[in-house]
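Trainee: Heads up: the protein sequence lines correspond to chains A and B, in order.
My numbering runs 2 ahead of the 1-based position in the first sequence.
My numbering runs 2 ahead of the 1-based position in the second sequence.
If you're looking for bench data, these hints aren't it; they were derived computationally from the structure.
The C-beta atom is built at its ideal place from N, Cα and C for all residues, glycine as well.
Please note that the accuracy of each hint is not assured.
Non-contacting residues of chain A with respect to chain B, defined by C-beta distances greater than 10 Å in every case (computed) [unchecked claim]:
| no. | residue |
| --- | --- |
| 1 | G54 |
| 2 | H126 |
| 3 | K176 |
| 4 | M178 |
| 5 | A211 |
With a Cα cut of at most 25 Å, we get these calculated DMTMM-like pairs of lysine to aspartate or glutamate [claimed, not checked]:
| no. | chain 1 | residue 1 | chain 2 | residue 2 |
| --- | --- | --- | --- | --- |
| 6 | B | K288 | A | E139 |
| 7 | B | K218 | A | E26 |
| 8 | B | K292 | A | E287 |
| 9 | B | K288 | A | E172 |
| 10 | B | K288 | A | D160 |
| 11 | B | K288 | A | D16 |
| 12 | B | K406 | B | D470 |
| 13 | B | K292 | A | E199 |
| 14 | B | K292 | A | D144 |
| 15 | B | K288 | A | E161 |
| 16 | B | K288 | A | D190 |
| 17 | B | K218 | A | E266 |
| 18 | B | K288 | A | E26 |
| 19 | B | K288 | A | D140 |
| 20 | B | K288 | A | D144 |
| 21 | B | K292 | B | E130 |
| 22 | B | K292 | A | D16 |
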Amino acid sequence: MNDLLTTSSGFRTDVAAVRRARQEREAEAAGGPAAASELLTLRHREVMLTGGRPEDLLALGGDVDATVTRFPTWPDLRLLRASVALAVHRADLAGAALRAVPGLAEQPPGRVLAADIALFTGDHPAALAGYRRAAQEDPLWDTTARLAALAVATGSWDEADDLFAAAEDEISAKQMRAFAWVRVQRADLAQAAGDPERAGRLLADADRAYPDWWYVAAHRAALDLALERWDQAIEGYRGVLAEVDRPEFREALGTAFAGAGRSECAAECHGYAVSAYLASVARGEVHYLHHLAAFHADVRPSPGAALAWARQDAELRRTGPTLSLLAWCLHLTGRRDEALAVLDEAFALGAGDPVLRARARRIRQGEPS
Amino acid sequence: MADHNDPNSVNSIFSDVDVSAADVYDMFGFPGAGGGEETVVLALTFAAVPEAGVFDTDMLYRLQVNPHARSVRPSADEWSLSALTRYFDAMKDHYLGQREAAEIRVTVDEAGMATVGFTGFPSGDFTERVPTNEVTTIRTPSGAELTAYLGGRDDAFFNDLPGFFRSINYAPQFYNVPYAQQDVRELPIPKTLLELEGNTLFNYDPANPRHGRGVKLDLPDGPLTWDGDSFAKDSDGNYRFVYSGEDARAGGNCNAIVLEVPLSFLTPHPAEDRVVNVWGESWVRKAAAKIETIPDDPLWTENPVGLLRRRRLDDELRRYKLVDTVGQPFADAGLSEREDNRQLGANNFWLAPVFVRRLAHLGWGFGPSLTALGLASVFDHDDAPVSVHRTYATAAAAFPRSRKLIFQELRMPDDSWKRSDVDIPLRRPFEIFIPNVCAIDMDTTGTWPFGRRLEDQVATRFLSMFLDMAAPLGTAGYSVETLNEQALWDTAPITPKTPPNPLTNDTPFLTAFPYLAEPW
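Throw the hints in and build the complete structure from the sequences for me.
Mentor: Dropping the structure here:
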């Protein structure tokens, strides 16, 4: 979607506009592949705008599959299917969707998605090559931002911020959501690099650029949580949950309650989150495995359970994030040598994201588990 | 579509791209009619977004102006690629060297007040605030008076846009092209003025007469090619024209910046600087300039060249992003294929090899069509009986084919284009399109290619480049107006019997400033 010059005036306006457009398309009930693809794309946009909840994405994926059976050669449907699958950590389905239409991965949109899959599965060289080629063929701000994300994943943080800034420079005043999104990524990076004040300023920019967006509020709340500003974090997550009810936000609210000494509220939130994670896994889904591992590692310590979940996650993909979590869980269970070996594997992949670096430091320093 | 819908970032033919205020349409320029001081009329038109008479407050428009004496060009016996290259190098030095263009810059606020900045003109820099949708007079520091109108008008362009797209087999005009298939634009089917036998993808369909004229079909699965060997003919033996002569912009509006300025305001040497080059640009405000943000300059490490280029811009322009340029009609749509990264305005010299290749490609398509109609084609197509789809990897390979087309003088139908006794050479395609500027010759009426008047049917004149201007045709011979003559089509074996594009605008132009008609 080329939205360089599309007028936008804020989150609520955008949600209303996407919803209206989607309803208009539904009313038209056109029968061809282009109309079907456009309708599903609008639904995808609406889902992502209103929270990107996995259950909504999974339902959308099912509907895309049904439409693909009617129009198997329409490439936009496959591209959408791949995108939705990747959002719920199903790189296998995403790759299959891309491969279903010959030549799809040779066009810039398909090439970018193939590179996304490569990044998700830890193949950094393939991701880099794909993004660079797509950027040459069709220079877009979001491809530059993807290169920045890759730089974050591989530990080139200064380069990452430069790339995010370059992406920003390509974003027009008609794309304030995109601008806000990039500022949020830069805020995350600043926070990871130990500069929470800059992170706060960048988040303030994002909020001014695109007011009322839950996504910015969620990152603001996360920053407050990291800085142990418990009351602000509680208020922030409550606001986010009023907009988007996702278990990871409930978990974070619980952690903020715990920090504020409100253990009953914390337990309630944590219990809800874990139940949701487990229900997801019971349905055969994989996108909450790492949440379960992290929860049992750091929030409600249960090293054995954490390690079990981390192993499951790492069996699906061996990447910087999954291996760093596995290493951390091994460390927590006292298996330091194995933890160091897993760290070595992660660094050998070229991974270097902030969480991996932080965990590696703590593991190598022998920080008590 | 002199410049409508290009570059691709503003190409609203695509379903996912909205009509945008950044889509600049046309750059008109011609000498004023006035009996007193010599004046130049400059008119930049662009999409009426948010609506006619209301300007997008995130946009900035620039008109760059560069008056100079007539340029020296290769003589008739130097029709070589190296001579062409030397000419382009000389022009490049001129444009990118010591002479910076002066500029007129326009932004409009929420209240509809325009800020018009003048920079680099002999009388010094100054800025005026003027209301939109009114004819106003701007007084310069030296006391000269400029007439200005900034507001909504009827779109001054009249053209069979779908016909042009049919001629180049441009899929997005006729089909819902998947976003994921970015290579499906001009399909690998010969360009042609006459329908190809069996070209079911693009030939007129009586059962669906609006296909390509508002009606789009889903792109079919089958091969997007053509394997026929002849032009289509009806039962009477007539070819079918890809053009209809309909005005696709009838009833459409634009927003416009129209200025009438004394030549002496543009140059201190009006007697010598007889050619006024002008081109227009649209810039959109960057997101970072919309709000107050943390200042930093990370481009320095990532993209130092980009940063240096940006630092050459002034503080205001640095807050904007260039989107679209317009100088010559069809320079972008016909020759640059709407590529976003080819929006270079006057500085389009690196496109010279692209143009050589592109003209040869177009020649293989249009040349045989003209020959089939009994017209003389300037393009050497080896007597191909039907249009051919051929592309070239290098300018050197294409040049022998396109050489005559590039160098031939474009004849005018009579001498009415001259306003004085000055000996003015006829223009040639290579100097029309590079640099991509509207070059207004002050000793002419400014009719295309000596500028561009509102009433010029430039789309058809563009096609006339493929005619052999040296060949005989009746008593008058070929000219840029040949294809606009109804009599030619009346006798041609073709249906419909119409010039390719409408001969006049949908509503008459005004005889007085601002010349463009009232908006609908």
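Trainee: Go through the numbered hints given earlier and state which of them the structure violates, listing their numbers in rising order.
Mentor: 3, 4, 5, 8, 17, 18
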